[in-house]
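Peer 1: Take the sequences, apply the hints, and build the full model.
One-letter residues, chain by chain:
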Amino acid sequence: MSTTLETAPIPTPRALTTNPRTSDKIFRGVVTGFGMTALLILTLIGLFLSVRGIQTLHTQGFGFLTRYSWEVTQTDSGTTYNMGIGAMLLGTVMISIVALVVGVPLSIAMALFLTFYAPARIKTFLVSIVDLMAAFPSVLFGLWGFFVLMPMATYWAKLIFKYLHWIPAFNAPQYFFERSPFIAGLVLAIMIIPIVTSVAREVFAQTPLDRIQAAYALGSTKWGVIKAVVFPFGSSGVVGGAMLGLGRAFGETVAVYTVLNIVFKGNFHVLYGAGGNVASMIILKWGEATGDETTALLAAGFILFLLTLLVNLGANFIVRNTLKSGK
Amino acid sequence: MTTENSSNENSAENQEGAEMTTETASSSLANISQAHNLGKRAPGTHVMGSGLEARGVHAWFGKHHALSNVSLDFSAGTVTALIGPSGCGKSTFIRTLNRMHEFIPSAAMAGEVLLDGKDVYAAGTDVTKIRLQIGMVFQKPNPFPSMTIGENVLSGLKLAQLKVDNKDDLLEECLVRAGLWKEVKDRLGAHAGGLSGGQQQRLCIARSLAVKPKVLLMDEPCSALDPGSTLRIEDTINELASSMTIIIVTHNMQQAARVSDYTAFFLSEGGPGQMIEVAPTNEIFSRPRDKRTENYVSGRFG
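First to last, the sequence lines map onto chains A and B.
My numbering puts the first residue of the first sequence at 1004, with every later residue one more than the last.
My numbering puts the first residue of the second sequence at 4, with every later residue one more than the last.
FYI, nobody ran anything at the bench for these hints, they're computed from the structure.
One or more hints might be untrue.
[Stated by the list, open to error] Simulated pairs of lysine-lysine, PhoX-like, Cα-Cα distance not exceeding 20 Å:
1. B:Lys188 - B:Lys170
2. A:Lys1230 - B:Lys132
3. B:Lys215 - B:Lys121
4. B:Lys215 - B:Lys166
5. B:Lys161 - A:Lys1225
6. B:Lys132 - B:Lys143
7. B:Lys185 - A:Lys1225
8. A:Lys1126 - A:Lys1225
9. B:Lys170 - B:Lys185
10. B:Lys166 - B:Lys132
11. B:Lys132 - B:Lys161
12. B:Lys166 - A:Lys1230
13. B:Lys161 - A:Lys1230
Peer 2: Put into structure tokens, the structure is as follows:
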């Protein structure tokens, strides 16, 4: 018995082939083609922006990222450009931080309510409302932010300034708090709620029932269950959702353009009414731009493209890693 | 009942109880091959734990009447096994005892469950306190995977916001009683997911012991385990039986015979599940009163 086993030659694995029908082949081709379109379009946009913007990056150098000025000067010898998006990058970061700090806790609370507390009927209704928020035109958020939110938020900003101005970020060079990154961030916070909420809601709902029951059987309160079981399980999903929200906050254009006082000045003071973000700057300058300025705007777009790509890749990385180690 | 004077007695008696258990456990190990190893704990000889009494318990899932009129008395310090074919309402029944039943949407119940004479369903009852006193071990081991072994054992304290003087002592005590200490004492900081299924289940037992329950419900605790782990857990049950009241659902009749003082037979004949018969375990297996019980324990159906 054993000798036959030893002497038997080990076969190489056979190739597994099938001969699909023509209709199947065609369908497969069509689906593959359309499936790759997304990748293709994204690549083409990236290529377009880099090719058109590369000249600016060449002439302006690394300073394009750090300079706070955007000057086009006409002289006898021609036009000179001194352009940088430093102020806009700074503004983008500030607005996004405000949006995340305010929006993510709100979204988590909303997701917890929808998953664990809301009665079935209210739940369906609220979920559709939250989804509707995602589809809402952002200019409407901007207008609402300008006319309704701003008067209140200015008051809040003054309060924060009054009591916390010793923190550098909450200080201001002048007593001017309208159209600030703070207020733009608040508007963005509301705009990222739908995406963060829906991702958080989905991961919370997937918490294994046996762990929830284990906690309850140990005499836990509902809050205890959420803290001990739901959060550890859902944290990676929430981080992923927050990163998606961040992606949106980076790229949001119209709402920020409506609310924010776009100024090419390095402003670290989140309450002070001066700032900007890359996307809204492009809109602001687009109409009047000619020649090299247009190219510079495309270069700014390329930077924005890279930033968004980086954030989303980071989100994927975090989610995948925590999923691997966590459970 | 002669057993009620115990819960506020001091720890000296506790120790006595513990020593006694070691003896009973080792003798039961010797007899483990005999399926009908009975009378280890005659009622009244053990004085720990609390009495639990179900009176006329019904349970529904929506309109489906799952359990009808079960009245059962669990004396303090005894082990009661609930046996019966699948779908007869055993698990539903024990989930009504610690109010886990109501987590299923549309679940309803009727009747009373008395813990030390007090209805756990009485208006104004703090359900979390009930579940602290009536612990539960589930069919599938369910340790918290994000916590270490040590954190798992002590998780109940954190969840119920209980304070304890010496956590390390409690940790060791619970793991020893659950029969897991020797295997994990060098890796209490490791994640619980790395343990085998049987170890995880004993960890879950240790976890439920940490909050000092008076009653422990076990819902088919060995059904997902190999025979070796099953025996370990049965040893643990025997060891725990002196200090608390245990109610165990099992599909394994040999297991019922090995660990329990009393056995209740549940059956659903098309309609809602009912309790057919309850008696000391040796009687259920040697001379059941009901024909249906006899058919079941002799393996004619189920």
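Peer 1: Please go over all the hints and tell whether each is borne out by the structure.
Peer 2: Hints, verified against the model:
1. B:Lys188 - B:Lys170: With a Cα-Cα distance of about 14 Å, the restraint between B:Lys188 and B:Lys170 holds, given a limit of 20 Å.
2. A:Lys1230 - B:Lys132: Distance of about 19 Å is within 20 Å: holds.
3. B:Lys215 - B:Lys121: holds, 19 Å
4. B:Lys215 - B:Lys166: holds, 12 Å
5. B:Lys161 - A:Lys1225: Distance of about 13 Å is within 20 Å: holds.
6. B:Lys132 - B:Lys143: violated, 24 Å
7. B:Lys185 - A:Lys1225: violated, 34 Å
8. A:Lys1126 - A:Lys1225: holds, 18 Å
9. B:Lys170 - B:Lys185: Measuring from Cα to Cα gives roughly 18 Å; hence the hint holds.
10. B:Lys166 - B:Lys132: holds, 15 Å
11. B:Lys132 - B:Lys161: holds, 14 Å
12. B:Lys166 - A:Lys1230: Judged against 20 Å, a Cα distance of about 18 Å means the pair holds.
13. B:Lys161 - A:Lys1230: holds, 10 Å
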